[in-house]
Amino acid sequence: MDDSARPNLRERVNAFVKWLFTGFDPLPPRDSKVFNDALLGNLFFARHEVAVIDCPVLQRLRRIKQTGLVHYVYPSATHTRFEHSLGAAALSERCFDALLSRADIEGTRLGATTTGSDSDLAHLRMAALLHDVGHGLCSHASEQIYKLLTDMREFEKDYPGNQPGEILSHLIVESPTFQDFFQEHVVRRCQARLDLKVISKLILGQHEDKNRYFLANIVSSAYDCDKLDYIARDSYYCGLALTVDLPRFYSMISTAEYNDHKVLVLRSYVPLEQILFSKMTLYGSVYHHQKVKCLDSMLRSIVGHIADNAGQASFPVREHEAVSFNDPVHYLYATDEDFFGQIDGFGDEYVKEMLARFRNRDLFVRCLEISRSTVRNWKDGRQGYIDMNKDPIQLAAVEAEIKKRLPEGEQGKCNKDDIRLSVPGLPPISGNALIQTKAGGEIRHVEEYFPVRAWTDAYAHNKWHSYVYAPRSIADSVRDAAISVIAERFQMDIDVARSNQSCHR
Amino acid sequence: MPTTQSPVLPDHILGAVLFLAQKQLLEKDSTRKRLEFRVYDFKLQDIFKTLQKTHPILNAFVFTDHGPEPYSPALEESVSRLQLSGLIGRENPDYEVVFVQQTAGRFYEQVLHKELADNLADLTNVASQFLEMIEVV
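Quick mapping for you: the protein sequence lines, in order, are chains A and B.
Heads up: the first sequence begins at 1 in the numbering used here, then just goes up one per residue.
Heads up: the second sequence begins at 1 in the numbering used here, then just goes up one per residue.
Treat each hint with caution, since some may be false.
[What the hints assert, rightly or not] Example chain A residues on the side facing chain B (calculated, C-beta under 7 angstroms, incomplete):
no. : residue
1   : P160
2   : G161
3   : V423
4   : I443
5   : E447
[As the list claims (entries may be wrong)] Straight-line distance between alpha carbons at most 27 angstroms, and here's what the computed DSSO-like set of lysine-lysine pairs gives:
no. : chain 1 : residue 1 : chain 2 : residue 2
6   : B       : K33       : B       : K114
7   : B       : K43       : A       : K227
8   : A       : K157      : B       : K43
9   : B       : K43       : A       : K438
10  : B       : K43       : A       : K390
11  : A       : K390      : A       : K227
12  : A       : K147      : A       : K197
13  : B       : K33       : A       : K390
14  : A       : K227      : A       : K291
15  : B       : K49       : A       : K390
16  : A       : K379      : B       : K33
17  : A       : K291      : A       : K413
18  : A       : K379      : A       : K352
19  : B       : K114      : B       : K49
20  : A       : K157      : B       : K114
21  : A       : K379      : B       : K23
22  : B       : K53       : A       : K210
23  : A       : K147      : A       : K157
24  : A       : K210      : B       : K49
25  : B       : K49       : A       : K147
26  : A       : K157      : B       : K49
27  : A       : K157      : B       : K53
28  : A       : K157      : A       : K390
29  : A       : K379      : B       : K53
30  : B       : K43       : A       : K210
[As the list claims (entries may be wrong)] Each pair of labels, with its calculated beta carbon distance range:
no. : chain 1 : residue 1 : chain 2 : residue 2 : range
31  : A       : R376      : B       : T50       : 25 to 33 angstroms
32  : B       : E109      : A       : A38       : 51 to 59 angstroms
33  : A       : A38       : B       : K33       : 52 to 60 angstroms
34  : B       : D29       : A       : A5        : 53 to 61 angstroms
35  : A       : N309      : B       : T50       : 44 to 52 angstroms
36  : A       : E442      : B       : S128      : 43 to 51 angstroms
37  : A       : V496      : B       : D65       : 48 to 56 angstroms
38  : A       : K210      : B       : T50       : 18 to 26 angstroms
39  : B       : K43       : A       : N211      : 24 to 32 angstroms
40  : A       : E408      : B       : E109      : 32 to 40 angstroms
Because the hints were derived from the structure by calculation, they are not lab data.
Keep in mind it's a predicted model, so treat the numbers as computed, not measured.
A virtual CB, placed ideally from N, CA and C, is assigned to each residue, including glycine.
With these hints in hand, go ahead and build the complete structure from the sequences.
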């Protein structure tokens, strides 16, 4: 299909939502519901919210793990995007309630409505509930792959500040098919007069009414309900004793007028420090754990192989058109359950073998570490190397070059997707927060009190590691070839002994 | 896979502006060894938003059109990535002063000079205005 004939991203997202809703014809929910959440306890959802929770767009999130492939390292981390979404909705209300209490104490007005199905609170909860519906296969693990696809990059330009998953959530909520469902099942049958436009904007961290901008801050900011939930939830399910003192946090938030906007402010930066420290710890110990990065790289091997061999290896999820992972929307069709349950490997031997590796946790091994502790001339700069995080073409070229430099006898032992170079980005930490220590006082940026961003950068830089991964059988040869390629291309003086020590080889 | 390469990475543009600003500063004041300036991230966002109005080369830093103040995540990320790659630094304990590392010069000479050759005049102009808008220490 040539590009001009191809439906645009919005149309393809709508086709996906249409596919999800095929054969879905529910009765209206009888009543509200209480969900018992392991982390947050009893969570109450109104009847119209239950209608959305029960629809395929939300139910699909039960089949996507919140932390992608982390459960291969932290076995309890099998929680899903579904429960996180419920948690985020509940926490959005707790933030809202805290703002109401604060306004009451300080004798001001919040200026947002709380009762009725068309209230600001109802919109806020619905946005939080739907904020992650754009997540696909293995959550952020696949987001790192599809965000580099051409049309996602083009589309992203219209959404500065939003992650690809958020953009897809927004497009799903704005899709005509979801709008039809919402109009019929939520607005008409449940008598909930919610404006889906407001909800889809809130998902992006926007609100057209400047006096209600703080609602967008609750959904998307340095300390939004998403982070409050996932920091607590991910650390809980990974068994890490991280603390975010939520009651203290709630007591420290308020709203204030700033540049014609009513924004969320903190009365103290201490809760923000706690959130950022916990988030950094999660990145260091969980999301960027070397084995997790290895698993992410192996996932890239599979989808990259399918994309490059779409004729023989594709995911038979839709009639007439197979999913071949060369389109961001394809990552929505494939949930974790569907993908890893394909015993026959989509009809491709390499994919079959790789899926068996996942089933048996037979992972690639680290062959080489590139970091401040293994590169002797680290201070000489490494911009070209870091650029590969944003440049998949150069990354693929380096991987291909490493394979090319393997001894002849070894080359035949591996597939081109067996050699993976992981060049992680930096954790997306926004320290962009406003502090107003007392009502009516001066509003200042958090960095005027504490260098939040520089501090998190310093932490991240010292934790930053890049690895070359490959199957154990060819690890030594891949290490030697990788040293030769990286040293030559990026003028890096690699301390092999230290790398070996760190890779346990 | 249908991936594309950005024509010029925002990191490279920021790296070039900082290096060229340093070059101009050292030409004016030979007692200095490097460009050091005090800046908060939100101020840097303000400065680039202002410069962008007259310099389309800075359009790589896309700013959000909502919210109470200008914000470009690409700019925020570029600052972090230039630190990670060793082109700029900040000093303990307060991290308030940003300085340009020697490596920035090498990277400019080896890569940026060629890559940005067509935009050199404009970038030099940006660097000059940038220098006037920051608090050099």
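Status of each hint after checking the structure:
Among the interface hints, the one on A/P160 holds; its C-beta lies about 4 angstroms from the nearest C-beta in chain B, closer than the 7 angstroms criterion. Annotation: interface hint on A/G161 holds; nearest CB of chain B at approximately 5 angstroms, less than 7 angstroms. Because the beta carbon of A/V423 sits about 11 angstroms from the nearest beta carbon in chain B, more than 7 angstroms, this interface hint is broken. With a least beta-carbon distance of about 9 angstroms to chain B, the hint placing A/I443 at the interface is violated under the 7 angstroms criterion.
For A/E447, the suggested interface contact is upheld, since its CB lies about 5 angstroms from the closest CB of chain B, less than 7 angstroms. Among the hinted pairs, B/K33 with B/K114 is consistent with the structure: their alpha-carbon atoms are about 25 angstroms apart, no more than 27 angstroms. A hinted pair counts as satisfied when its Cα atoms are at most 27 angstroms apart, and B/K43 with A/K227 qualifies at roughly 26 angstroms. Between A/K157 and B/K43 the alpha-carbon distance is near 23 angstroms, which keeps this suggested pair within the 27 angstroms criterion.
The straight-line distance between the Cα atoms of B/K43 and A/K438 is roughly 23 angstroms, inside the 27 angstroms bound, and the hint therefore holds. A threshold of 27 angstroms between alpha carbons decides the hint, and for B/K43 with A/K390 the separation of about 26 angstroms falls inside it, so the pair holds. Distance hint between A/K390 and A/K227 is fulfilled; the C-alpha atoms sit about 25 angstroms from each other, no more than 27 angstroms. For the proposed pair A/K147 and A/K197, the alpha carbon gap of about 25 angstroms is at most 27 angstroms, so the pair holds.
A C-alpha spacing of about 32 angstroms is found between B/K33 and A/K390, which places the hinted pair above 27 angstroms, so the restraint is violated. Between A/K227 and A/K291, the direct Cα distance comes to roughly 23 angstroms. Compliance with the 27 angstroms bound is thereby established for this hinted pair. For the hint pairing B/K49 with A/K390, the CA-to-CA distance comes to about 23 angstroms; that is within 27 angstroms, so the pair holds. Between the alpha carbons of A/K379 and B/K33 the distance comes to roughly 18 angstroms, so the proposed pair stays at or under 27 angstroms and holds.
Using a Cα cut-off of 27 angstroms, the hinted pair A/K291 and A/K413 holds, with the two alpha carbons roughly 23 angstroms apart. Using a Cα cut-off of 27 angstroms, the hinted pair A/K379 and A/K352 is violated, with the two alpha carbons roughly 43 angstroms apart. The hinted pair formed by B/K114 and B/K49 meets the criterion: a straight-line CA distance of about 26 angstroms does not exceed 27 angstroms. Only pairs whose Cα atoms come within 27 angstroms are accepted, and A/K157 paired with B/K114 is accepted, the gap being roughly 26 angstroms.
Proximity of A/K379 to B/K23 is assessed by CA-CA distance (about 21 angstroms); at most 27 angstroms being required, the pair is judged to hold. Between the alpha carbons of B/K53 and A/K210 the distance comes to roughly 24 angstroms, so the proposed pair stays at or under 27 angstroms and holds. Restraint check for A/K147 and A/K157: the C-alpha separation of about 12 angstroms stays at or below 27 angstroms, so the hint holds. Annotation: proposed proximity of A/K210 to B/K49 holds, straight-line Cα distance about 21 angstroms (limit 27 angstroms).
With a C-alpha separation of about 25 angstroms, the suggested pair B/K49 and A/K147 falls inside the 27 angstroms cut-off, and the hint holds. The suggested pairing of A/K157 with B/K49 holds, with an alpha-carbon distance near 16 angstroms, which does not exceed 27 angstroms. Among the hinted pairs, A/K157 with B/K53 is consistent with the structure: their alpha-carbon atoms are about 18 angstroms apart, no more than 27 angstroms. A threshold of 27 angstroms between alpha carbons decides the hint, and for A/K157 with A/K390 the separation of about 15 angstroms falls inside it, so the pair holds.
Restraint check for A/K379 and B/K53: not satisfied, since their Cα atoms lie roughly 35 angstroms apart, outside the 27 angstroms limit. Distance check on the hinted pair: B/K43 and A/K210 sit about 22 angstroms apart at the alpha-carbon level, within 27 angstroms; holds. A C-beta distance of roughly 42 angstroms is found between A/R376 and B/T50, which places it outside the suggested range of 25 to 33 angstroms. A hinted range of 51 to 59 angstroms holds for the C-beta pair B/E109 and A/A38, which are about 57 angstroms apart.
A beta carbon spacing of about 57 angstroms between A/A38 and B/K33 agrees with the range 52 to 60 angstroms that was offered as a hint. Checked against the hint of 53 to 61 angstroms, the pair B/D29 and A/A5 passes, with Cβ atoms roughly 60 angstroms apart. Distance hint check: the CB atoms of A/N309 and B/T50 are about 50 angstroms apart, consistent with the given range 44 to 52 angstroms. Separated by about 33 angstroms at the C-beta atoms, A/E442 and B/S128 break the suggested range of 43 to 51 angstroms.
Between A/V496 and B/D65 the beta carbon distance is about 50 angstroms. The supplied range of 48 to 56 angstroms therefore holds. For A/K210 paired with B/T50, a C-beta distance near 22 angstroms keeps the hint of 18 to 26 angstroms intact. A beta carbon spacing of about 27 angstroms between B/K43 and A/N211 agrees with the range 24 to 32 angstroms that was offered as a hint. Remark: the range hint 32 to 40 angstroms for A/E408 to B/E109 is upheld by a beta-carbon distance near 38 angstroms.
Hint violations for this structure: numbers 3, 4, 13, 18, 29, 31 and 36, all remaining hints satisfied.
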